[in-house]
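Working from the sequences, and respecting the hints, build out all of it.
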Amino acid sequence: MPWLPARTRPMILIEAQGIAVRQGRTQVLDGVSLSVNRGEIVTIVGPNGSGKSTLLRALIGALKPNRGKVRRAEGLRIGYVPQKLHIDPSLPMTVRRFLNLPHRVAEDEARSALERAGVAGVAHRQMSDLSGGQFQRVLLARAILINPDILMLDEPTQGLDQPGQAAFYRQIEDVRARLGCAVLMVSHELHVVMSASDRVICLNGHICCEGTPEVVRAAPAYRELFGTGTGGALALYRHEHDHGHDHDHGQDHEHHHGHDQHNHSHGASHDAASTDGASDPAKQKPAKQEHAS
Amino acid sequence: MLDDFLVRAALAGLGTAIAAGLLGCFVVWRRMAYFGDATAHAAILGVAISLAFSLSVFGGVLAVSLAMGLLLHRLEGQGREVNTALGVLAHTALALGLVAVALIPGMRVDLEAYLFGDVLTVTRGDLAVIWGGAAVVAAVLWWHWSALLTATLNPDLAQAAGIDPRREQLILTLMLACVVAVAIKVVGALLITALLIIPAAAARSFARTPEVMAGIAMLFGAIAALGGLGGAIVLNTPVGPSIVCVAAGLFAISRLAGRSG
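Residue numbers (my numbering), protein chains in the order written: chain Y, 1 to 293; chain G, 1 to 261.
By construction, these hints were calculated from the structure, which means they are not laboratory data.
Fair warning: this is a prediction, and the values are worked out from it, not measured in the lab.
Every clue listed holds true.
Listed next, with one range per pair, are the computed distances between beta-carbon atoms:
| no. | chain 1 | residue 1 | chain 2 | residue 2 | range |
| --- | --- | --- | --- | --- | --- |
| 1 | G | A252 | Y | K64 | 41 to 51 Å |
| 2 | Y | E15 | G | A139 | 38 to 48 Å |
| 3 | Y | D108 | G | L55 | 53 to 63 Å |
| 4 | G | W143 | Y | S112 | 27 to 37 Å |
No residue lacks a Cβ here, since even glycine has one placed at the ideal position from N, Cα and C.
What follows is the structure, encoded as structure tokens:
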């Protein structure tokens, strides 16, 4: 763990224990366990429909898992940035008013939160008049106003262009460095996100593998899901076709990803994998990847 | 002063319009118009039950509207597509009410009073119920304003802040039943939704924050209530529909003003 605020001890902020979520006839999540410690940056990656948003919603308590438990540290303050926030056109809302939800904040606090999020001076604009990037930053500003223990972001850069994404993630790192809060984010923009993460969890209905970014990048399960480099898009496409229908009765599903080897093993497999010739995974060309599936 | 039926009518209209204007903002923001219609139509069944058992009409309407609201709330909680269910339940309750009233032996009731309102006959007692109900609605909305607004904006955002969005939804459902009971005597079951959404929709063009919109909606509601009553007296038209016509006029003007401004 490269970074920990001195004033706090390592401690579990939020934890999921073997949770399963069913939506209609689809088993969206099955047996997912994870925990986030104080000050840690954890990124959840996974293809579309892998249950990333569902997991986050289960963690904040917006949906009840059918099995398993979610535990939050007592009095945990969650700064939540949703994937999309649709504001009905019939609802007038200035940025400043939005920051007051649900609790009124002082003028200077609001100003400094907007500054920290990189959108100083938009306070009196209507939310509906903001650009996509500004809107996400205002959501971030609101999330940090409560001085959160943990920031939870659900694909916060969806709809932003590449430079916008990179800038937004730098902003998050900056905010985290100042506040010392933990960050749990969901993403599928792997390459941008991973460098900033202490730990990456690769999700596809279950946890396929987890560990430091290097470990995950080298893990067969991860490669099978995403491939590397330009092969990524193809892998993603294939994956959806090959495995998409397995969710309901997917016992053998797990074996595709080397699940047994890598689940719950970010401590143990760490050294093994990082000495496994994967010190610079970017150099590995997609051609080398023979997708078994 | 309260001896004058016109004064009583004006006060009844004002109380109803203010409560409806305030709650109506949430109905518009959350797109609950159909939900409001269903609750209001169920009120006719409440009227039938009240007449059959010689209960207070307010009580019967409130009870049935509450029951309808809670039923819809439950259906929605189960994640079903409620639009069809709303239509089925609303019109079933309305039809059942109409049939039930006709079946009550020895009863010759002018149902029009409950379908379109009959504000000119409100008593002092009615007035107390109307203003009492309006006060309850205003107080509850005031108390829960921030939580309601957060949950309206995004349920997950509310959840993360420790607010239960389902509970806030339930509160709105209960307040809606309350407004229906209050408004049935003034505009009638068929036009209650109009009184909820038209002033709020008209206020949208002039507001930059939710609070300003709510304030203007209440003002527009009050103007519509008084203007409608005045117009109805002069033109000898039914009061409830006249109130809604004035509100619609305000809406049209606000759209024109909003476009040019």
